[in-house]
Amino acid sequence: MTRQVLSGNYAQSHAVRLARAQVISAYPITPQTTIVEKLAEFVAAGDLPAQYVKVESEHSALQVCVSAAALGARTYTATSSQGLLLMHELLHWASGMRAPIVMGVVNRAVAPPWNIGADHTDTMAQRDTGWIQFYAESNQEVLDTVLEAYRLAEDPLVRLPAMVTEDAFYLSHTVEPVDVPDPATVDAFLPPRDARAVLVPGTVGRLGSFTGPDHYVEFRRETARAMERVPEVFRRVEEEYARATGRRHGGAVPTYRTEGADAVLVTMGTATTTARGVVDELRAAGQKVGLAKLRLFRPFPSAELTALAAGVDRIGVMDRSYTFGGQGPAATEVAAALYGGPHRPTVAGFLAGVGGRDVTPGEVRRMYAALLAGGSTEPRWIDLEEQEALAHG
Amino acid sequence: MAKLTIPAPELMFSGHAACPGCAPALAMRLVLKALGPRTILSIPACCWTVIATPYPTTALGVGVLDNPIEATGASISGLRAAADALGLQDVNVVGFAGDGGTADIGLQSLSGMLERRTNAIYVMYDNEGYMNTGVQRSGATPQGAWTTTTPVEGTSRGKPEPKKDILGIVLAHDPVYAATLNPSFPEDLVKKVERARDLTGPRFLHILTPCPPGWRYSSEATIELGRLATDSGLFPLYEVERGRYRITRKTGTLKPVAEYLRAQGRFHHLTDDEIARIQADVRRRWELLLRRERESSEPVPIPA
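Residue numbers (the numbering used here), protein chains in the order written: chain D, 1 to 393; chain H, 1 to 304.
All clues given are correct.
In silico lysine to any residue, SDA-like type, Cα no more than 25 Å apart, as pairs:
| no. | chain 1 | residue 1 | chain 2 | residue 2 |
| --- | --- | --- | --- | --- |
| 1 | D | LYS54 | H | ARG117 |
| 2 | H | LYS164 | H | ALA280 |
| 3 | H | LYS33 | D | GLY208 |
| 4 | D | LYS54 | H | ASP104 |
| 5 | H | LYS164 | H | SER296 |
| 6 | H | LYS33 | D | VAL198 |
| 7 | H | LYS163 | H | ILE105 |
| 8 | H | LYS191 | D | GLY202 |
| 9 | H | LYS163 | H | LEU288 |
| 10 | D | LYS54 | H | ILE169 |
| 11 | D | LYS54 | H | ASP84 |
| 12 | D | LYS54 | H | VAL176 |
| 13 | D | LYS54 | H | GLN89 |
| 14 | H | LYS163 | H | GLY134 |
| 15 | H | LYS33 | D | VAL204 |
| 16 | D | LYS54 | H | LEU167 |
| 17 | H | LYS33 | H | LEU4 |
| 18 | D | LYS54 | H | THR200 |
| 19 | H | LYS164 | H | HIS269 |
| 20 | H | LYS255 | H | ASP281 |
| 21 | H | LYS33 | D | GLY202 |
| 22 | D | LYS54 | D | HIS88 |
| 23 | D | LYS54 | H | ASP90 |
Quick caveat, the hints were computed from the structure, so don't treat them as lab data.
All chains should be modelled from the sequences, with the hints used to inform the complete structure.
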């Protein structure tokens, strides 16, 4: 193991190097670009003996991975925002083909108006495409989660694609010390892909056939079952990763000071770090608040949320994106997960950090204050409330 | 006894779902005979998605990967990258796509594949329209042709625009090999596929494939119609290897295009004047092709 000062993007690149990805497709988009730039360097220097395919669009980037995976290769690509939206069709192909692709996504706002700041709209718009989705909080978590994602995606019980996301700039372009495992450690944890149900030259086979209603339903059910097996397989994968490296990141829904809490805020990505500081501050002041992070969003960790809700009456969900005509997607999912549970807390939605706006401790305090005060659970645009408050003292 | 130039082994089987007289089916059969079993096909949404038969059956004796309509170029780049990464030797990586999936929606990924010099064969079987969706015009539909989106009614007289020069676009990428093929000339077709198979780098094959329901003719006329397309000069057979043109079928005099056009319902409405204009255009293009063949065989002097 070596400790290196890495951006989230370089952490992603180092993980791909250690995973010995065999086919990498690359198309630039801010703020993802430095991931594939670093990978180009690794390949050119001979540190990563991969095929590096320079494509003419993100759509083709993902098609290259889908086709390469169909022959049995371990694949990687990365994108952001508009690029991910262009990939949408291929996201369905990847999961339908049961291609265990790992993709880095740097969460960035969607145009118009143009904006390159952190925002989860891009990946939230892909939550129904059959991909496993991880949201990282730190650069260390980025590196570790990419390696875990390969094991999980390629597990014979799963065989589904996975995306590992990081917030634009807060992680992608911010450096911090990252423990980079040795190749031997990773090789022991992540052996070469055990490719099954792939095309073999010289033999008859077809992937992606036309099917009528008589078989289509069965294919969809198989994919759904694979997704249902993810939580259990992920627990095992994280355990093995912890044994190999000594690091774990708390499963699908890591919690912080939730014991005896009156109110728990659910966050995703980098806003979690800010919220953790506010929890300490409020706890010190005698307020019983806690925090839960949605590290895994697909499949949605309903069991963990239900367990968390057992002892809490008020749950707030911070979304870094908004569903027009609905509310924040994470708030919707949390409410849906808890509706059928034995204990049904109120679920309030907060929109914060949209389009790269800072999620400040003041904003987080505002969310906890609203939760503790009870009242309406209508989604609130905390960015705008905070700005208003600052402008008028 | 005549010498057989077409390989006997079959890699396409009966029970497929093609229409009677389907030239894309003939094209596939001949292409696979020339390529052999170590072939991986990438097939986008097109007639062949259906012809190859639904799960769990297949009419093809090779590996087949389905891909979305616009992504065949990218798909074969991915297949080749994987074959190289995994050390799979002697694999023919082949895209097999229709004209809409190639010349229209798939043009970007085709251009990408050619530009990045993917070592693969891209086959465009050209039935001159979106036939699998029920005969709509594509960029490869010829001028004047009736389709469901270019009706012959009122002021509309079929497709107003000329056929897109897809091979010209491909040649601008300087592929190692590009050719026009026609299943009505199977020996020529097989020879060109074998030539493409033996080269390394981006290769492109444009196969004209008459379509009885789309072109509105009786299914037993496919071979004859294909011959007329070439012998009238509308679809000349030639190959371009590293920039050098070679016409592979010359008959002395071209047959009148009227013979080809009048045989198809999609052109029934054309007047003598309209046919005369098409005839003039075909002559001009034929002369241009002859000139290209001549000029490309001469060495280009490099100024000192």
